[in-house]
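There are 2 protein chains.
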Amino acid sequence: MCEAVVFIVKDGDKKQLMENVVTLHPEGEKILLTDLFGEQKLVTAKIEKVDLTGHEIILSTG
Amino acid sequence: MCEAVVFIVKDGDKKQLMENVVTLHPEGEKILLTDLFGEQKLVTAKIEKVDLTGHEIILSTG
Numbered sequence: 102m103c104e105a106v107v108f109i110v111k112d113g114d115k116k117q118l119m120e121n122v123v124t125l126h127p128e129g130e131k132i133l134l135t136d137l138f139g140e141q142k143l144v145t146a147k148i149e150k151v152d153l154t155g156h157e158i159i160l161s162t163g
Numbered sequence: 102m103c104e105a106v107v108f109i110v111k112d113g114d115k116k117q118l119m120e121n122v123v124t125l126h127p128e129g130e131k132i133l134l135t136d137l138f139g140e141q142k143l144v145t146a147k148i149e150k151v152d153l154t155g156h157e158i159i160l161s162t163g
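Chains as they are written, first to last, in the numbering used here: chain A, 102 to 163; chain B, 102 to 163.
The following block holds chain A by itself, in its conformation from the complex (with noise of 0.2 Å):
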C-alpha cells in the first residue's frame, strides 16, 4: 500500500501528525488529510514536500 506518514514542523520542530494518510486536499490556508481508516484531520498549514517512495510527507505551519 502507498499510505503516508504525515509530519508537521513548526519552529525547526518536526511531529508527528498522521499515520496511513491516504489523500490530501488543500483548502485554501488549509489541508483536509484522510487516513486509510476515513478519519479525517483538517490542519492550518502548507506542504513543504511530498516523498513517496519514502512515504512521507511533511507540511509546515507557524
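Hints are computed from structural coordinates only; laboratory data are not their basis. All residues carry an ideal CB built from backbone N, CA and C; glycine is no exception. It cannot be assumed that every hint is accurate.
To be verified - Cross-link-like lysine-lysine pairs, in silico, PhoX-like; alpha carbons within 25 Å at most:
(1) B/LYS142 x A/LYS142
(2) B/LYS116 x A/LYS142
(3) B/LYS150 x A/LYS147
Claimed, not checked - Below, a sample of chain B positions facing chain A; criterion: calculated Cβ distance under 7 Å:
(4) CYS103
(5) VAL106
(6) ILE109
(7) THR124
(8) GLU128
(9) LEU153
(10) THR154
As the list claims (entries may be wrong) - Partial selection, computed: residues in chain B whose CB lies under 8 Å from chain A:
(11) HIS126
(12) VAL144
(13) ILE148
With chain A fixed as given, assemble chain B onto it according to the hints.
Below, chain B alone, put in the same frame as chain A:
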C-alpha cells in the same frame, strides 16, 4: 511502487503532465516534480489533491 501520475487542470481541462512521479516539492509559486528516473519538471501551479492510493496528483494553474 508508489509513484503517481501528475495531472494539471487549466480552465477545466485536465491534462497528464508527468508519470512515475516520486517527489513533489513546492517552492513559492512553483512545484518541483521529480520522477523515478531523476527527471525533473518545475511548474507554476498549486496542489489541488494528492491521492496516494489512486496514484494520482492533481495540480491547477491559470
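Going through the hints against the structure:
no. : hint                : result
1   : B/LYS142 x A/LYS142 : 30 Å, violated
2   : B/LYS116 x A/LYS142 : 29 Å, violated
3   : B/LYS150 x A/LYS147 : 13 Å, holds
4   : CYS103              : 4 Å, holds
5   : VAL106              : 11 Å, violated
6   : ILE109              : 15 Å, violated
7   : THR124              : 5 Å, holds
8   : GLU128              : 10 Å, violated
9   : LEU153              : 5 Å, holds
10  : THR154              : 5 Å, holds
11  : HIS126              : 5 Å, holds
12  : VAL144              : 14 Å, violated
13  : ILE148              : 5 Å, holds
In the structure shown, a violation is registered for the earlier hints numbered 1, 2, 5, 6, 8 and 12, in ascending order.
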